[in-house]
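K.L.:
Quick note on numbering: the sequence shown equals residues -22 to -1, 1 to 86 in mature numbering (1 follows the signal peptide of the UniProt record, and there is no 0).
Please note that the accuracy of each hint is not assured.
Stated by the list, open to error - Below, a list of computed lysine-lysine pairs in the DSS-like style, where the Cα atoms sit at most 25 Å apart:
1. Lys40 - Lys30
2. Lys20 - Lys30
3. Lys47 - Lys20
4. Lys30 - Lys47
5. Lys31 - Lys47
6. Lys31 - Lys20
Honestly, the hints are just simulated from the structure, not real lab data.
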Amino acid sequence: MKLLLTLVGLVAALGTVWPAHADANQDQAFLVSLGAAGISYKDPDSAIAAGKKVCEMANEGKSGIEVVKVLQDGNPGLTQTNAAKFTAISAGVYCPAQLPNAQSTSGG
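Whole structure, please, built from the sequences with the hints as guidance.
P.N.:
This is how it looks when you write it as C-alpha cells:
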C-alpha cells in the first residue's frame, strides 16, 4: 500500500511537468527526467523502449504495482523506489492520459 501511495504521489507531482501532447523532443525529455531523478541506464534506446513499455502495460490494465514489479524483474539492480520513479516518469512523458486523477485519491 505504501508503494501505491508513493507511486500516486509521484505521478501527481510529475504529471504537471510534461505537456499533454508528444513533441519531437519527447525521448530526450524522458532521458533528462530519468537523470534528474537519479536513475541511470546503460543504453538510452533500451531505457526509452522500457519507458514506452510502461504505457503498453498500463493500456493492458496492469496496476502501477504490477508495472513496478515487471520493471524490477527485468532489471534486478533497480530498487523499488527507482522502479516507481521510472514508472511515474514514463507515464508522465509517454502516456499522461494514463495518469490517475490525484483528486480521487485525496480522500476528501
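K.L.:
Taking the hints in turn, state whether each one holds.
P.N.:
Against the structure, the hints:
Pair hint Lys40 plus Lys30 holds up; C-alpha atoms about 14 Å apart against a cutoff of 25 Å. Distance restraint check for Lys20 and Lys30: the Cα-Cα separation of roughly 17 Å lies within the 25 Å cut-off, and the hinted pair is therefore satisfied. Proximity of Lys47 to Lys20 is assessed by CA-CA distance (about 20 Å); at most 25 Å being required, the pair is judged to hold. Our distance criterion of 25 Å between C-alpha atoms is met by Lys30 and Lys47, whose separation comes to about 16 Å.
Straight-line distance between C-alpha atoms of Lys31 and Lys47 comes to about 13 Å, which keeps the hinted pair within the 25 Å bound. For the given pair, Lys31 sits about 17 Å from Lys20 by alpha-carbon distance, which is consistent with the 25 Å threshold.
The structure agrees with every numbered hint stated previously.
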